[in-house]
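Protein chains in written order, with my numbering: chain X, 9 to 332; chain E, 270 to 526; chain S, 423 to 714; chain D, 9 to 371; chain H, 883 to 1116.
For the record, the hints were derived by calculation from the structure and aren't laboratory data.
Quantities reported herein were computed from a predicted structural model and do not represent experimental measurements.
Don't take each hint at face value.
[As the list claims (entries may be wrong)] Pulled a few chain D residues facing chain S out of the computed Cβ check, cut under 10 Å:
#1 S37
#2 I166
#3 A204
#4 L206
#5 K208
#6 G258
#7 V280
#8 Q281
[Stated by the list, open to error] Below 25 Å or equal to it, Euclidean Cα-Cα: the simulated DSS-like pairs (lysine-lysine) are:
#9 K379/E to K402/E
#10 K381/E to K410/E
#11 K423/E to K124/X
#12 K520/E to K1007/H
#13 K1053/H to K513/E
#14 K1101/H to K1081/H
#15 K455/S to K423/E
#16 K713/S to K364/E
#17 K386/E to K210/X
The beta-carbon is built from N, C-alpha and C at its ideal position, and this holds for glycine as well.
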Amino acid sequence: MKLVNKTNIGWLILAIATFLILQLAVSTGLISAYYEITLVTILINVILAVGLNLIIGFSGQFSLGHAGFMAIGAYTAGIISKYFPHYGGLFLGIIGGIILTSIVALIVGVPTLRLKGDYLAIATLGVAEIIRITIVNMQNVTNGAAGLSGIPYLAKWPLVYVFAVLTVLIVVNYTRSSPGRATIAIREDEIAAESMGINTTKYKTIAFVLGAATAAVGGALHASYFSVIRPGDFTFNKSIDILIIVVFGGIGSVTGSIIAAIVLGILNVFLQPFGSLRMIIYALALIVIMIFKPSGLLGNKEFTISGLLHLFGRKSTIKEEGKK
Amino acid sequence: MSLLEVKKLTKYFGGLSAVSNVNLELKSNELVGLIGPNGAGKTTLFNLLTGVYQPSEGTIDIENDGKKESVVGKKTYTITDMGFGRTFQNIRLFKDLTVLDNVLIAMHSKSKVGTLKSILRLPSYYASEEKMKQEAIELLKIFSLENKISELAKNLPYGEQRRLEIVRALATKPKVLFLDEPAAGMNPQETADLTALIRQIQKDFKMTILLIEHDMSLVMNVCERIYVLEYGRMIAHGTPEEIKANDQVIKAYLGGE
Amino acid sequence: MDTFIQQMINGLSLGSIYALIALGYTMVYGIIKLINFAHGDIYMVGAFVGYTMINSFGMGFFPALVTAMALSALLGVLIERIAYKPLRNATRIAVLITAIGVSYLLQNGMLYFYGAGVRAFPQVLENKLYSVGGIKVSQIQLMIFGTTFILMILLQFIVQKTKMGKAMRAVSTDASAAQLMGINVDNTISFTFFLGSSLAGAAGVLVGLYYNTIDPMMGVAPGLKAFVAAVLGGIGIIPGAMIGGLTIGIIETMVSAYGNSMIRDAVVYGILILILIIRPAGILGKHVKEKV
Amino acid sequence: GAGGSTADGDTIKLGAMFEKTGPVSAYGSAESNGVKLAVKEINEAGGVLGKQLEIVEYDTKSDNTEATSIATRLATEDGVVAIVGPATSGAVQAATQPITRAEVPLITPSGTADNLTVTESGEVQPFVFRTSFQDSFQGVALANFATEHLQSEKAVIIGDSSSDYAVGLTDAFKNTYEGEIVAEEYFTQDDTDFSAILTKIQNQDFDVIYLPAYYEQAGLILKQAREMGIEQPILGGDGFSNQALLDLAGIENVTDVYYSAHFSLENEDEQVQTFIDNYTAEYDTAPDAFSALAYDAVYLVAQALEDGGEATPEAVTAALESITDFDGVTGTFSIDENHNPIKSTLIIEVQEGKEASTQEIQP
Amino acid sequence: MLEVKDLSVHYGVIEAIRNVSFEVNEGEIVSLIGANGAGKSTILKAISGLHQPSNGEIVYEGTAITKETPKKIVEKGISQVPEGRHIFSGMTVMENLEMGAFLRKDKAEVQNDLNNIFARFPILKERMKQDAATLSGGEQQMVAMGRALMSRPRLLLLDEPSMGLAPILIKEIFHIIEEINQTGTTVLLIEQNAKMALKIANRGYVLETGNVVQTGTGKELLESDVIQKAYLGG
Ligand SMILES: Nc1ncnc2c1ncn2[C@@H]1O[C@H](COP(=O)(O)OP(=O)(O)OP(=O)(O)O)[C@@H](O)[C@H]1O
Ligand SMILES: Nc1ncnc2c1ncn2[C@@H]1O[C@H](COP(=O)(O)OP(=O)(O)OP(=O)(O)O)[C@@H](O)[C@H]1O
Ligand SMILES: [Mg+2]
Ligand SMILES: [Mg+2]
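If we strip away everything but chain X, and leave its shape as in the complex, we get:
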């Protein structure tokens, strides 16, 4: 009925247009090998951040364990695609990663999601650490601390782009649906949500598992694109990196996460030449940005095309007033 409505078409065109522009830029060499890495890093970060935003921003559950789920996805895809070094193997790996991660997320989610706030944060942090240590110890399968190398490079950037778009689509569709609203209600007021007939455990778990599954996708693509993974890539710091993107973009704003991933990706390019000073600059930037924009770039609002028009409209009126 409304499958072909204006908004959907608008976003579809935007997604395809972006792809074509990127394609053009890559084929003309405008995006060199180096900027392609930046592009892919941004796209993977989009996948990871949007997934984490679903957990933190929409269901309101404070998870610090995203890196753990990412690791499961990365290792599953890495191992399987080393066995079957072709696209079939990669997809098998991604699907395997999603399934495995979802199972783990379900097992840990059901008992821990009744914890509140920072207690949940600690529990999820613990889960991620347990996952990582398990990987270190499964020497035969995962090659332990030395990690896997020589993973076939199959996830070329267009594939990563497609997955990023799919992830965003799934998360946005979910959040803008009745179950999604139920999930958001839990964030707003758990007791009231329950009194409205919402099975809070169920929807918290759905958001958690869905978020974890997207982390697995991000991890799998990471493994395939970079060819090398080690347990050390999936520490607490990685979870923090993703959390920073989510908060920086605006908690509960999918477009915010996308923009933040892009901004931070580009910032990184600019900061690289600063050597060891760069982390100092980055830290200062983080502090200053949060002080001046504590709710993130977009707050909990979404960037919309109509909103953009509105913004320009308003700006021009301000100008006119200024003239008077």
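We have chain X; now place chains E, S, D and H with the ligands onto it with these hints.
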């Protein structure tokens, strides 16, 4: 048989018995008041009925298709599904969401929209979404909130927030509606409007309502029967006239003129 | 049996280090509900101040300790004023990110100025070893345990009984109502940071001395452990931080001693999660159901 | 690509990528220092091929994804003739694919995993070289030393489970050691308290402790073990090779300690002494194995430039493959067909903090 | 005693009140009434220094306190019972009451006042050791009232003190307000329950969307038609 039957309900908080040995009964399509001094246990009773707290002792049964079902031990959302709707003494709207979303959320559990269907955006999803929206707007119209559907709940004036709470509770399609001090913080004029509204919804929705309120102009006007709690115990029960004349109630609650 | 007792002592002394850091952590945490990720780094700065005072200024141990506490306290207050105060009305998670920023800044600032290498902390106190029937305890171990215990009692007293402590608690639950009581919210929060950071500074010097090693990243792991300990004991509960810290120390030691040291951290986190599932508000936390 | 374009400029660009911040920044920073010193010396001596060397350096934040990005940037954007770094095996692996695609050689000073230069399937990575010996060589050498010189029959392994370096050394040792391994204990990089595992092994019967670890933890373990009264000899790898080991452990505790090393501060060799003096003058601290290996890596590139006669990555790669008898501070070596240096290791015995003897073990 | 001149307060870009002026004389009970959102609570916040006004002046006993910190204002003897109670959760009833006397140094007198409050609200004595967060709504209101009295204010600002109270207690509260007033405390009272408020008030001001629209003695206002219709429910 009555719609709701509460027997020997007791709740301890540590050594304090906030509700003790309470019996209460609601029939279909009744409007009943629950009054009592501050701290008497009225809100606690609501919390027990809706599964927010678990009773220490006693039974709570609801009639469902001619069968008696116990709600004790059930989760709040199950109890809501079984037909108990409520509002909160301290307003608990989803503050950062729009008025419409507040109502839609309350309709979710009865709408049975699946997660997968929503993600895949099948055509049937759009149909059910549209239907829910229409229903929600219908409800909001009754409370004259239809012009505010895209306002954030927190930006509504106090009185409208109270009304939205009631709409939200109604959206869960309850058999019994528990209202906890709906007129608190309203001025006499607003209270009078609310009184009319409560009467109307009870008539239109053929609903059973249990009402906690300290504003006697509201309680005495709309309630057919009134229960009085004091120190967790039911000290009186009767028509508004009987209650107004009850010495014990006057002494503990109403105060002499 | 002897080994068991020795391991118990090992666990207690490791745990009391976690506890020592966790005390300041949990207090700040309890008052302004901020996971102050920079706490571990203030601890690191404290250690470096102590190091510099002894090495470059030839101070004795106690003057160095006091200087480290004072400078750390000052640093804590400064951080609060500059980085956290503008975010009083922001979401907790936004402040958390700022705290991470401060943490990165301290780490990398020290890295920049002091270099990344480890330094040996000057061994200014003679470390006597007491040995009773084959069981060994060192003087510094006793000192750390004692300090932790005394500080816990002192902090608990300050927070529960003194006027400042009551002001701190009032600010933590409702800052605007606290203002109506005549409490200066800014000063109270600054005081909280002053106290918490001075404890971190003391911990830095003591632990630096005990393990004889300091480096700019030394705060990261204990900071995280202290956070875990604070949560495990019950957020904001001062004796909880002590119990949480000791619990983690003992579990870690026991897993290494009687299990597999390879999976030590996994077991620690596993037990932690189990404890939280059984006691969702931490060991000492009361799971108060919100009054509806 | 843009790789070879520097030949026309007035300087020759040399890429450097190190872990200068983050968890392993101590090693990366030391290597960065070694590189800078070498380049300074070379330039003061007139440069290479008549041109000055220019370092283009980035920090990998101890993050492997960042390493990929930076390796690509150096190889494709900055037009360097060769890259020196990074310090850890993981980062080297992360950098391998981009530099291979861009065909720019990379010389890692301390990436020791066996599979860096030769893949698991036995193919040589055409553009990856190193100046350090590999884990297997060192582990084997240490295992043999334990049996032959220490006459040990029962060993305890205390390893760093979070570092692949330690894992590599452990594996090689376990595969070679002829005696019995009575216990294996592990810690992680963040640990400072080792009392639990030390108390545990104290009651066991063994005659050597094999300690594959970096000096930060090794120093603390030495201290804690000796203070606890564990007196058996302790055997470690080149990770011990830093002055800080003595400071951390306390001189009296570094007794009966043996470790394999690339170079010794006591080495009388003039070249080594000059290096030590210059390094100390520049950075106010004695060099360690990391800085020495990185220093050699730069001189290796310089020699390859001279040998190849052309400042292009192709020429440098080709020249690197055929370098023989390179005379560095970490020994004289040639590069073999697997891109590894053929060099001997020194096993240094330390008593009371002093080098008591050194022994050279040939590969 | 208190003079509010041309007060305007903004929340961001929203103007909550505009050019409001009124005064409270020593010993009076003055009542502010007005519909929801009229800006009554905002005025109290401005007086207590919790929210800086964008324009206008607040003069207390001859000196301007417009820019003073809340602490200074409390020290000068102005105390507030805020809307929505704002009791300190996690602290016992007793500790909450003690917080009211935060700035006082006269320990014996404080103890005395504490006893007076327990005498007024006996239920609080029973709940002395209970976490104030778990009190019923009405009990919390009593704590908030008691807490404000513990500072021995000279000017007491009350924001809807009867909200959520049982009828008998409402009477009691108004009785207490009168009593407090008689013992020398000046009272500025905000109430939805305009009828009762105006009954005990010497004077009253009617606020409508940020403006004072009517003023007079309590009695005059009670009898005025407009007021009858709009605020007293006919
Ligand atoms: N979670 C709890 N823990 C401890 N005591 C509680 C808890 N909830 C309620 N109480 C106590 O139970 C008693 C009844 O409280 P309740 O909120 O039910 O009163 P109420 O009748 O609704 O009063 P009001 O009219 O003032 O809202 C009060 O004395 C309160 O202190
Ligand atoms: N913190 C705030 N941020 C933005 N707007 C606010 C804030 N507080 C109050 N307002 C707005 O200022 C106006 C006046 O609010 P105020 O609370 O002073 O009204 P009131 O007369 O006390 O109403 P009530 O009878 O509901 O207590 C209202 O429109 C309200 O929405
Ligand atoms: Mg109540
Ligand atoms: Mg108000």
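Check: Regarding the pair K455/S and K423/E, is the alpha-carbon distance no greater than 25 Å?
Finding: holds, 24 Å
Check: Hey, K423/E versus K124/X, does the alpha-carbon distance stay inside 25 Å?
Finding: holds, 24 Å
Next item on the list: Below or equal to 25 Å on CA atoms is what counts here, so check K1101/H against K1081/H.
Entry: holds, 7 Å
Check: Is K381/E within 25 Å of K410/E, Cα to Cα?
Finding: OK: K381/E and K410/E at ~24 Å, within 25 Å.
Checklist line | When the least beta-carbon distance from Q281/D to chain S is tested against 10 Å, hint result | finding: With a closest approach of 22 Å, the Q281/D hint is violated.
Notebook entry, point to check: Given the hint that K1053/H pairs with K513/E, does the C-alpha gap stay at or below 25 Å?
Noted result: holds, 17 Å
Next item on the list: For the pair we were handed, K379/E and K402/E, check the Cα-Cα distance against 25 Å.
Entry: Judged against 25 Å, a Cα distance of about 13 Å means the pair holds.
Notebook entry, point to check: Does A204/D pass the interface check with chain S, least Cβ-Cβ distance below 10 Å?
Noted result: Hint holds; A204/D Cβ to chain S Cβ min 4 Å, cut 10 Å.
Notebook entry, point to check: Was the hint right that S37/D lines chain S, CB cutoff 10 Å?
Noted result: holds, 4 Å
Check: Can the hint on K208/D be confirmed by a CB-to-CB distance to chain S that is less than 10 Å?
Finding: holds, 5 Å
Check: Per the CB criterion, is I166/D less than 10 Å away from chain S?
Finding: holds, 9 Å
Check: Regarding the hint that G258/D lies at the interface with chain S, is the smallest CB-CB distance below 10 Å?
Finding: holds, 7 Å
In the structure shown, a violation is registered for the earlier hints numbered 7, 8, in ascending order.
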